[in-house]
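Each protein sequence line maps, in turn, to chains A and B.
With our numbering, letter number 182 in the first sequence gets 182, and the count goes up by one each step, no holes.
With our numbering, letter number 240 in the second sequence gets 520, and the count goes up by one each step, no holes.
Hints are computed from structural coordinates only; laboratory data are not their basis.
Keep in mind that a hint or two might mislead.
The list that follows gives simulated cross-link-like pairs (lysine-lysine, BS3-like), each with its CA atoms no further than 27 Å apart [stated by the list, open to error]:
#1 A:K126 - A:K52
#2 A:K275 - A:K232
#3 A:K224 - B:K539
#4 A:K206 - A:K111
#5 A:K116 - A:K158
#6 B:K356 - A:K47
#7 A:K77 - B:K356
#8 A:K208 - B:K509
#9 A:K111 - B:K339
#10 A:K113 - A:K151
#11 B:K404 - A:K245
#12 B:K356 - A:K113
#13 B:K539 - B:K328
#14 A:K198 - B:K533
#15 A:K107 - B:K356
#16 A:K74 - A:K111
#17 B:K339 - A:K47
#18 A:K245 - B:K533
#19 B:K508 - A:K254
#20 A:K74 - B:K339
#21 A:K147 - A:K111
#22 A:K151 - A:K275
#23 A:K198 - B:K539
#24 B:K539 - A:K150
#25 A:K245 - B:K508
#26 B:K480 - A:K198
#27 A:K77 - B:K339
#28 A:K126 - A:K113
#29 B:K391 - B:K356
#30 A:K198 - A:K266
The lines below spell out each chain.
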Amino acid sequence: MILSIASGKGGTGKTTVAANLALSLENAQLLDCDVEEPNAHLLLHPKITETKLVYVQIPVVDENKCNYCGECSKFCKFNAIFVTPQKIMFFPELCSSCGGCAIVCPKNAIKEKKRKIGVTKRGLAKEIELVYGQLNVGEPMATPVIKAVKKHMQPPEKGDVIIDSPPGTSCPVIEAVHGSDYCILVTEPTPFGLYDLKIAVEVLSKMKIPFGVVINRAGIGDRKIYAFCKEKAIPILLEIPYERKIAELYSVGKPFVLEMPEWKEKLGGLLKEIKESLQV
Amino acid sequence: MREITILSGKGGTGKTTITASFAVLANNPVIADCDVDAPDLHMLLHPKTLRTQEFTGPKLAEIDHEKCVECSLCQKICRFEAITDFQIDPILCEGCGTCAVICPETAIILKDRISGEAFISETKYGLMSHAFLFPGGANSGKLVTLVRQNAKEAAEENHCELILIDGSPGIGCPVIASVTGVNMGVIVTEPTVSGIHDMKRVLELLAHFDVRPFVCINKCDLNQQNTKKIERFCDKLNINIVGRVPFNPIVTKAMVSEKPIVEYSPESVVSQRIKEMWKNLLGRT
Numbered sequence: 001m002i003l004s005i006a007s008g009k010g011g012t013g014k015t016t017v018a019a020n021l022a023l024s025l026e027n028a029q030l031l032d033c034d035v036e037e038p039n040a041h042l043l044l045h046p047k048i049t050e051t052k053l054v055y056v057q058i059p060v061v062d063e064n065k066c067n068y069c070g071e072c073s074k075f076c077k078f079n080a081i082f083v084t085p086q087k088i089m090f091f092p093e094l095c096s097s098c099g100g101c102a103i104v105c106p107k108n109a110i111k112e113k114k115r116k117i118g119v120t121k122r123g124l125a126k127e128i129e130l131v132y133g134q135l136n137v138g139e140p141m142a143t144p145v146i147k148a149v150k151k152h153m154q155p156p157e158k159g160d161v162i163i164d165s166p167p168g169t170s171c172p173v174i175e176a177v178h179g180s181d182y183c184i185l186v187t188e189p190t191p192f193g194l195y196d197l198k199i200a201v202e203v204l205s206k207m208k209i210p211f212g213v214v215i216n217r218a219g220i221g222d223r224k225i226y227a228f229c230k231e232k233a234i235p236i237l238l239e240i241p242y243e244r245k246i247a248e249l250y251s252v253g254k255p256f257v258l259e260m261p262e263w264k265e266k267l268g269g270l271l272k273e274i275k276e277s278l279q280v
Numbered sequence: 281m282r283e284i285t286i287l288s289g290k291g292g293t294g295k296t297t298i299t300a301s302f303a304v305l306a307n308n309p310v311i312a313d314c315d316v317d318a319p320d321l322h323m324l325l326h327p328k329t330l331r332t333q334e335f336t337g338p339k340l341a342e343i344d345h346e347k348c349v350e351c352s353l354c355q356k357i358c359r360f361e362a363i364t365d366f367q368i369d370p371i372l373c374e375g376c377g378t379c380a381v382i383c384p385e386t387a388i389i390l391k392d393r394i395s396g397e398a399f400i401s402e403t404k405y406g407l408m409s410h411a412f413l414f415p416g417g418a419n420s421g422k423l424v425t426l427v428r429q430n431a432k433e434a435a436e437e438n439h440c441e442l443i444l445i446d447g448s449p450g451i452g453c454p455v456i457a458s459v460t461g462v463n464m465g466v467i468v469t470e471p472t473v474s475g476i477h478d479m480k481r482v483l484e485l486l487a488h489f490d491v492r493p494f495v496c497i498n499k500c501d502l503n504q505q506n507t508k509k510i511e512r513f514c515d516k517l518n519i520n521i522v523g524r525v526p527f528n529p530i531v532t533k534a535m536v537s538e539k540p541i542v543e544y545s546p547e548s549v550v551s552q553r554i555k556e557m558w559k560n561l562l563g564r565t
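One chain only, chain B, in its complex shape:
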């Protein structure tokens, strides 16, 4: 079984557009949307939920006001500034439990909290593992790990050889959870100074976790000079540029029609380039 993660560093470079197209082009993949903060892939792939599972995030401290003598030791010890006026702020509480052990009156207990949901669903392109982190929920890395586990189980049960993972922007905990141990990382970048800056940081991240990197330059005609810069940079480091996709408003039209671009407009240059890129990638796995 192989796992490919699509990531970018910078947001809005086209990860989900590319992942949805790969899902159409791949042969019986399992698709995993690991952008649990702002999951968008379902809008293009229209999954039908087969199984829903609760996600237990970090615990939440609760003060029993009958027992509390307002000594304020908990407020002083909490490093997350989650307790003020003997009230716990659920958004700031990390569920570490330090307040509970310091409380001389044992007035604080930790409770489980449901902070999201994970789903296994069916799409016409293959099974899909995805999730939803409740707004403001913590521990997105752990939820990403659950989505990947579910995807792996689904792939094993159904003899699927490939898992396609749509990552989130950034380089922090959810991104790390979506790249550890995968076979390939495809970085979707764009020819802007921030696109390049962020790509470099994700390349470092992939090197750190020993994941083989590939680069796709999206909207490559937006700034030819910057596209050349990306090419030179990748050449120097011996990193393969697997695709160059030109800017075209048709991509937004496909999104508005809630369809992967390769299905919405298979003959468009964008779709042709994405298909070539997919072939390129398959040749290198």
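Just chain A, with the same shape it has in the complex:
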């Protein structure tokens, strides 16, 4: 199955859950789709065997053919093209690569070329295949790199796929969780955790992806998140208590299941439970 891990609020423990879960399963593949700040490799320490460049398509204007009619600029909803009577200016960072400008150009003066915006890396960490993306610093659009990471997804017969989503609730998150069979929302029992969880719940409901909650750092904050989940009939799949040992292991880049093997079973059981719940 394809299982995504998302959260709304940042820093709730998505990567911790994703990496430890991957380590608790057999033949799992982990796709780190937080391409702005990928962290899973810092926990899993993979040996990278393949690096691929990620490109987007951008227009190139043949100024010999262009008559500065401005149709492309009128068409572009992203303000990426600006045309004056003698000049055409293009802002590549704003371009969404829709390809529309080339279609509307009456002089056939626009072609497309590739522009590099990031990389994907693939490697093995123990038996886990990890693929992660890295958006180049200064590039605004993460979604093409997320798409490129997801292209590496292994076929279902090879094993489960875990997607580590970026924080937030907008386009990069949607790109990451799109197509998942199930989504685990990792949250913490604090007012911020709850507020952002509510937004994430709305997004997943809209996308019609079934989901459940993992409460990380259980014991801190308050109990409102439990009341919310009860009211909305959202399953609480697992609680990870706030323990200094877990926090310390994370700080040095060590997945806690390696030091606390009792958690392997809990996390493995979690996936089993999810699969069973989906069959009903």
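Fit chain B to the known structure of chain A by using the hints.
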């Protein structure tokens, strides 16, 4: 007028806790919450809305099924895979309009869509500009730009000298929109391998956009060795560490009480350190 953005790269390092405290300590600031995806600052500052404004995000394509002959040209041309079975998926549609120009039957039109709201509000610490992106909404960068514009206008009208900006995690479009042209960027990091990794990427981002960087190490006693690593790294690049805030559960208690920590527990070590940091920052603007 000066603008200071609080950012982090990694989520959950304490941006909003620090920003809320700065809002208390600053003299008549305008406060801008630019984490429009998951805005949390309002829970600590309790803004009273003065003005609400609709945010028009990307357009949405709509197929007129009376006119559609199901030639499927639109489905083939759409690079966002937003059209299947002649239905537009509003979540995937970016509103580029390519489907509308390719349709031989002119059966597709683009409609405006409201994808969020922006607010100007009053708090006891100063005016606040904030927003809410509807869940799953696109174009958060554009909404961040609107929040900053609103903050600037509010600051000018009310003769405020300082805008405090709470950023979002990551380094992509909303973060870029929240740092371009500001005077200082304060990176809140934590002594974990991911905290350090993400801080480095945000430092690169600030350098790229020519913003003066400062670093705050939050939960600095969680891992002394990593704190030293951050210090050495910043020393080498001549980046000022303006604050070191120790871990303390009182920060979560303040959050549960929905109060900025410097107000909830002004005498706590955390609050003392945040106050020192604020003084440090003011000395460098």
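For each hint, the structure was consulted:
A C-alpha spacing of about 22 Å is found between K126 (chain A) and K52 (chain A), which places the hinted pair at or below 27 Å, so the restraint holds. Note on K275 (chain A) and K232 (chain A): the hinted pairing holds, with a Cα-Cα distance of about 21 Å set against a maximum of 27 Å. A distance of roughly 17 Å separates the Cα atoms of K224 (chain A) and K539 (chain B); the hinted pair therefore holds under the 27 Å criterion. For the suggested pair K206 (chain A) and K111 (chain A), the alpha carbons sit about 37 Å apart, so the restraint of at most 27 Å is broken.
Restraint check: the Cα-Cα separation between K116 (chain A) and K158 (chain A) comes to about 31 Å, which exceeds 27 Å; the hinted pair is violated. For the proposed pair K356 (chain B) and K47 (chain A), the alpha carbon gap of about 38 Å is over 27 Å, so the pair is violated. Distance hint between K77 (chain A) and K356 (chain B) is fulfilled; the C-alpha atoms sit about 20 Å from each other, no more than 27 Å. A distance of roughly 44 Å separates the Cα atoms of K208 (chain A) and K509 (chain B); the hinted pair therefore is violated under the 27 Å criterion.
For a cut-off of 27 Å, the pair hint linking K111 (chain A) to K339 (chain B) stands: about 25 Å separates their Cα positions. A hinted pair counts as satisfied when its Cα atoms are at most 27 Å apart, and K113 (chain A) with K151 (chain A) qualifies at roughly 21 Å. With a C-alpha separation of about 40 Å, the suggested pair K404 (chain B) and K245 (chain A) falls outside the 27 Å cut-off, and the hint is violated. For the hint pairing K356 (chain B) with K113 (chain A), the CA-to-CA distance comes to about 20 Å; that is within 27 Å, so the pair holds.
At most 27 Å may separate the alpha-carbon atoms for a hinted pair to count; K539 (chain B) and K328 (chain B) meet this at roughly 15 Å. Proximity of K198 (chain A) to K533 (chain B) is assessed by CA-CA distance (about 21 Å); at most 27 Å being required, the pair is judged to hold. Simply put, K107 (chain A) and K356 (chain B) have alpha-carbon atoms about 23 Å apart, close enough for the 27 Å limit, and the pair holds. For the suggested pair K74 (chain A) and K111 (chain A), the alpha carbons sit about 17 Å apart, so the restraint of at most 27 Å is met.
The hinted pair formed by K339 (chain B) and K47 (chain A) fails the criterion: a straight-line CA distance of about 43 Å is larger than 27 Å. For the proposed pair K245 (chain A) and K533 (chain B), the alpha carbon gap of about 21 Å is at most 27 Å, so the pair holds. Distance hint between K508 (chain B) and K254 (chain A) is fulfilled; the C-alpha atoms sit about 19 Å from each other, no more than 27 Å. Restraint check for K74 (chain A) and K339 (chain B): the C-alpha separation of about 15 Å stays at or below 27 Å, so the hint holds.
A threshold of 27 Å between alpha carbons decides the hint, and for K147 (chain A) with K111 (chain A) the separation of about 23 Å falls inside it, so the pair holds. Taken as a hint, the K151 (chain A) and K275 (chain A) pair is honoured in the structure, with Cα atoms around 24 Å apart against an allowance of 27 Å. Note on K198 (chain A) and K539 (chain B): the hinted pairing holds, with a Cα-Cα distance of about 21 Å set against a maximum of 27 Å. At most 27 Å may separate the alpha-carbon atoms for a hinted pair to count; K539 (chain B) and K150 (chain A) exceed this at roughly 41 Å.
Distance check on the hinted pair: K245 (chain A) and K508 (chain B) sit about 20 Å apart at the alpha-carbon level, within 27 Å; holds. A C-alpha spacing of about 31 Å is found between K480 (chain B) and K198 (chain A), which places the hinted pair above 27 Å, so the restraint is violated. About 8 Å separates the Cα atoms of K77 (chain A) and K339 (chain B), which keeps this hinted pair within 27 Å; it holds. With a CA separation close to 39 Å, the supplied pair K126 (chain A) and K113 (chain A) exceeds the 27 Å bound.
Between the alpha carbons of K391 (chain B) and K356 (chain B) the distance comes to roughly 21 Å, so the proposed pair stays at or under 27 Å and holds. For the suggested pair K198 (chain A) and K266 (chain A), the alpha carbons sit about 26 Å apart, so the restraint of at most 27 Å is met.
The earlier numbered hints that this structure contradicts are 4, 5, 6, 8, 11, 17, 24, 26, 28.
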